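> Put together the whole structure using the sequences plus the hints.
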Amino acid sequence: GAVVSQHPSRVICKSGTSVKIECRSLDFQATTMFWYRQFPKKSLMLMATSNEGSKATYEQGVEKDKFLINHASLTLSTLTVTSAHPEDSSFYICSASDKFYGYTFGSGTRLTVV
Amino acid sequence: GEDVEQSLFLSVREGDSSVINCTYTDSSSTYLYWYKQEPGAGLQLLTYIFSNMDMKQDQRLTVLLNKKDKHLSLRIADTQTGDSAIYFCAVIYNQGGKLIFGQGTELSVKP
Numbered sequence: 001g002a003v004v005s006q007h008p009s010r011v012i013c014k015s016g017t018s019v020k021i022e023c024r025s026l027d028f029q030a031t032t033m034f035w036y037r038q039f040p041k042k043s044l045m046l047m048a049t050s051n052e053g054s055k056a057t058y059e060q061g062v063e064k065d066k067f068l069i070n071h072a073s074l075t076l077s078t079l080t081v082t083s084a085h086p087e088d089s090s091f092y093i094c095s096a097s098d099k100f101y102g103y104t105f106g107s108g109t110r111l112t113v114v
Numbered sequence: 115g116e117d118v119e120q121s122l123f124l125s126v127r128e129g130d131s132s133v134i135n136c137t138y139t140d141s142s143s144t145y146l147y148w149y150k151q152e153p154g155a156g157l158q159l160l161t162y163i164f165s166n167m168d169m170k171q172d173q174r175l176t177v178l179l180n181k182k183d184k185h186l187s188l189r190i191a192d193t194q195t196g197d198s199a200i201y202f203c204a205v206i207y208n209q210g211g212k213l214i215f216g217q218g219t220e221l222s223v224k225p
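So the protein lines, in turn, are chains S and W. So in the numbering used here, spot 113 of the first sequence is number 113, and the numbers just go up one at a time. One rule links them: number in the numbering used here = place in the second sequence (from 1) + 114.
Any given hint might turn out to be false.
Chain W is faced by these chain S residues, among others (derived, beta-carbon under 7 Å) [unchecked claim]:
1) Pro-40
2) Leu-44
3) Leu-46
4) Ile-93
5) Phe-105
6) Gly-108
Think of the hints as simulated: they come from the structure by calculation, not from any bench. Being a predicted model, the structure only gives us computed values, none of them experimental. Ideal Cβ placement from N, Cα and C applies to all residues, glycine included.
Shown next, in the form of C-alpha cells:
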C-alpha cells in the first residue's frame, strides 16, 4: 500500500529558531498534501492544503507567515515553523492524497519548543 | 459548516462489543473514514465506507451509515486490550477535498 514518510519524528528547538518538517510520499505521487496539527487529547486540526507547484491554502486562523508550506514536487511537501515559540509545541501530521490510494498519513512529528 | 462530532470516551470490558458513534453536518461526502491512533503515533486507517452503502463489515469491524440522520458508527466485536486507542471518524468535504475529523473517542478496554 501507499506509504508517507514524515521526518523528523521528534524535534526539540529553542524559541526563536525555525524548524522544517518533511513529508514524502513513497511509491506514489500525491496530487495534494495536507498538514494537520494535534494538541494533546484533541482532534486533528487542518492547517493547510497544498497542491504541487502552487501556493498553499490556509485554514482560517492559521498564520501563513508562521507556518510556511512548500510543495515543490509531487512527492515532497515541507512545513517550516518560523520563529518558533513554546505555544507552537504540538504534534504535526501530514497527509498525502491521490485518486488511487485516497488519504495516507505520515507518522507525525512531535515538536517541542523550549 | 463543517462539523464532525464524537463522544470523547468509551470504556468496555475485554470480549464485549464496542460501538463508537459519529455525527456530521455536511452530507456531500462520498467517503467516510475511521482511523485509529495509538499514543504518540500517527493515524492508521481502519476502514471506510462509501456514501451509497449502509453497512460494511471487515472482520471484527462493522461500519453502519445512516445518511438520513448523518450518523456513522463503528462496532468492534470481541474487543481486546490491544484495541485501546483513540478512534477518529473523518469525512471529506467537497471544498478542496479536505478531510475533517471528529474530536476522537478514547476507547479503554478493561481486562
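> Now tell me if each hint is right for this structure.
We went through each hint and held it up to the structure:
| no. | hint | result |
| --- | --- | --- |
| 1 | Pro-40 | violated, 10 Å |
| 2 | Leu-44 | holds, 5 Å |
| 3 | Leu-46 | holds, 6 Å |
| 4 | Ile-93 | holds, 6 Å |
| 5 | Phe-105 | holds, 4 Å |
| 6 | Gly-108 | holds, 4 Å |
Hint check: a violation occurs at hint 1 only; the rest are consistent with the structure.
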